[in-house]
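Chemist: Chains as they are written, first to last, in the working numbering: chain Y, 14 to 526; chain D, 3 to 138.
These are calculated hints, taken from the structure and not from any lab test. Incorrect hints may have been included.
DSS-like, lysine-lysine: derived pairs with alpha carbons at most 27 angstroms apart [claimed, not checked]:
1. D:K126 to D:K80
2. Y:K34 to D:K103
3. Y:K511 to Y:K393
4. Y:K132 to D:K132
5. D:K9 to D:K22
6. Y:K37 to D:K132
7. D:K5 to Y:K58
8. Y:K58 to D:K60
9. D:K41 to D:K9
Some chain D residues well away from chain Y (every beta-carbon gap over 10 angstroms; in silico) [unchecked claim]:
10. K22
11. L23
12. M30
13. D48
14. T71
15. V96
16. E99
17. K103
18. L107
19. G108
Everything numeric in this text was worked out from a predicted model, so none of it was measured. C-beta atoms are modelled at their ideal positions from N, C-alpha and C, and glycine is treated no differently.
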Amino acid sequence: MSNHIVEILKKEIENFKAETKIDKIGKVLEVFDGIAKVSGLSDIKSSEMVTFPNGETGVALNLEEDTVGVIILDDFSKIQEGDEVKATGKILEIPISDNIIGRVVNALGTPIDGKGTIKADPSTGSGLSAYPIEKVAPGVITRLSVSEPVSTGIKVIDAIIPIGRGQRELIIGDRQTGKTAIAVDTILNQKGQNLICIYVSIGQKDSKLRKLQTRLEEGGAMAYTIIVSAGASLPAPLLYIAPYTGVSIAEYFMDQGKDVLIIYDDLSKHAVSYREISLLLRRPPGREAFPGDVFYLHSRLLERACRRNKESGGGSITALPIIETQAGDVTAYIPTNVISITDGQIFLETDLFYKGIRPAVNVGLSVSRVGSSAQIKAMKKVAGTLKLDLAQYRELEAFAQFGSDLDEATKKQLERGKRAVEVLKQPQYAPIKIEHQIVTLYALTKGYMDDVSINKIKEFEQGLTDYSERQAKVFYKQIAEKKMWDEKGEEELKKVIKDFKDGPWGNSLKDRP
Amino acid sequence: MAKISPKNIAEAVYVATEGKLGQDLTTMIRRSVKMLKEKRMLGRSDEVLDALQSIFDKKTGTVRAKITTAKSIGHQEKKNLENEIKEKYKAQNVLSEFFEKKELLGGMRIEIGDEIVDNTYRRKLQGLEKFLKQEK
Chain Y
14 MSNHIVEILK KEIENFKAET KIDKIGKVLE VFDGIAKVSG LSDIKSSEMV TFPNGETGVA
74 LNLEEDTVGV IILDDFSKIQ EGDEVKATGK ILEIPISDNI IGRVVNALGT PIDGKGTIKA
134 DPSTGSGLSA YPIEKVAPGV ITRLSVSEPV STGIKVIDAI IPIGRGQREL IIGDRQTGKT
194 AIAVDTILNQ KGQNLICIYV SIGQKDSKLR KLQTRLEEGG AMAYTIIVSA GASLPAPLLY
254 IAPYTGVSIA EYFMDQGKDV LIIYDDLSKH AVSYREISLL LRRPPGREAF PGDVFYLHSR
314 LLERACRRNK ESGGGSITAL PIIETQAGDV TAYIPTNVIS ITDGQIFLET DLFYKGIRPA
374 VNVGLSVSRV GSSAQIKAMK KVAGTLKLDL AQYRELEAFA QFGSDLDEAT KKQLERGKRA
434 VEVLKQPQYA PIKIEHQIVT LYALTKGYMD DVSINKIKEF EQGLTDYSER QAKVFYKQIA
494 EKKMWDEKGE EELKKVIKDF KDGPWGNSLK DRP
Chain D
3 MAKISPKNIA EAVYVATEGK LGQDLTTMIR RSVKMLKEKR MLGRSDEVLD ALQSIFDKKT
63 GTVRAKITTA KSIGHQEKKN LENEIKEKYK AQNVLSEFFE KKELLGGMRI EIGDEIVDNT
123 YRRKLQGLEK FLKQEK
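Whole structure, please, built from the sequences with the hints as guidance.
Modeler: So, in structure tokens, the structure goes:
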């Protein structure tokens, strides 16, 4: 037995080559709060990786005349003044293989879920690649405009603020308004949609992340999801690099021509961690004490979301950054920055949330600058007038409170609006298939729901979608295959809706005068 | 106004004292120390001296090497080593310091400025440990 071990060791040692080369070194002058000031290291590059004696990694951020400011990406408590720092000559990179799917990794790409290291997978031909965390975004020539939808399964988003593959859509709102819930629902809805999801948690509570992971596991979503975690207990440098790590993983899959969805939860905490680092490195503070390059911090991250053309390998990265506002103030520094970078925003409001309108999306302030080009044709048709209807309803609603002397047309519009609001409500973790959304919105916009009592709208919707799926086979087939219905399909759907309403169940849901 | 760094002072002192001898040199040094006192930088005189030394080394083409070995090495070997360094760094003269450190087990570690060549057994064994530990 021992002979066998010796043989194995001999073989292993034979492969080992001890090279002697000239290394560049420096000495730690001071170390504090995850930052080290280092002397020497004369030829170091910006963002270059350095190593400390106990194997800790650092990244050079500040290159000054005599010293280098290094952020430490591991436990910094063992680093002492006078320690030797070695330059590696490499930009910080993380190891990735296809096996990373379904795993929870930290900001350096190391698994933290106790399921072992991420290895190369010879069976799928996937080697262990090293991806640099900082990379210049793809250029104009390699890009394609957004035209394919990311189906979130949330009616109000898919209908009014559609998201396309390669788009960057901001989710913004106060605390406890359901920002993460939208992100999680979107991930849950991607089963079988050919979209790899990456959830980057920045400065979140570990308990929240654990809950989210369990939820994703229960929904079978971890089969196509990767979680990058930089929890609230970690030092600022790790929070700062986490989103870049996430997008590097996304780029690894995009380079294989795959579509990827990445969620940054949340970029406010990311900006705060960068502010912390910058102030410790003695960079001059600007507005709200953020450094001058805080815009570049987010723009270079979000520019890496893109849709590439076939010649450049295809694939896309859709980004859903999340921003937490304070008391609904969207005019603060970071929210305005990220709003201007992204291709639209989903604005969530506390008032709506407590009124019971959930998801609490403010339809008036939310936009998608990519617009209807990220919708399938059928959805475009049914959702066309919905946003306008809702806006008009909000306006009339204010009037309606003064009295009941309203003309017939206004009354009708108010009733339609009430039903639209009701239809767009949706519980958490219950994404809805696109076909069902289309049937519901068709019934709403064509006035089939006008005589259904408001508090029975949900029941009606459920009944109608179940019934139509069984009865309107042609319509459903057309949506699945051609993404649009023709006259035959529409006739069938109209008949099915009528049948359902005239049936005993449908009849019982109608408003009684 | 920008802060005065020890390097700035060292440069000034070097220029002021360059080529001076005897009484002149003493006066210049006295004035330099007075200036340090006035600028409240006497506490950083070590840094000023280090900077002065590096300026002087640069001007005179001097290279300072720190060589650490496990066992003491012979005179001839030291001479060869210095010649080699002289050639590599194109230096006029080499000032080397030799140290002994048993923990290195064998081999040699040469430090010149912020460059280092380490082919001691200790580092090689550490490399081997890392190599054996990593998963393939």
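Chemist: All hints are to be evaluated individually against the structure, with a verdict given for each.
Modeler: Results of checking the hints against the structure:
no. : hint             : in the structure
1   : D:K126 to D:K80  : holds, 23 angstroms
2   : Y:K34 to D:K103  : holds, 21 angstroms
3   : Y:K511 to Y:K393 : holds, 23 angstroms
4   : Y:K132 to D:K132 : holds, 17 angstroms
5   : D:K9 to D:K22    : holds, 21 angstroms
6   : Y:K37 to D:K132  : holds, 20 angstroms
7   : D:K5 to Y:K58    : holds, 25 angstroms
8   : Y:K58 to D:K60   : holds, 24 angstroms
9   : D:K41 to D:K9    : holds, 14 angstroms
10  : K22              : holds, 27 angstroms
11  : L23              : holds, 31 angstroms
12  : M30              : holds, 25 angstroms
13  : D48              : holds, 13 angstroms
14  : T71              : holds, 15 angstroms
15  : V96              : holds, 17 angstroms
16  : E99              : holds, 17 angstroms
17  : K103             : holds, 14 angstroms
18  : L107             : holds, 13 angstroms
19  : G108             : holds, 12 angstroms
Checked against the numbered hints listed earlier, the structure breaks none of them; every hint is satisfied.
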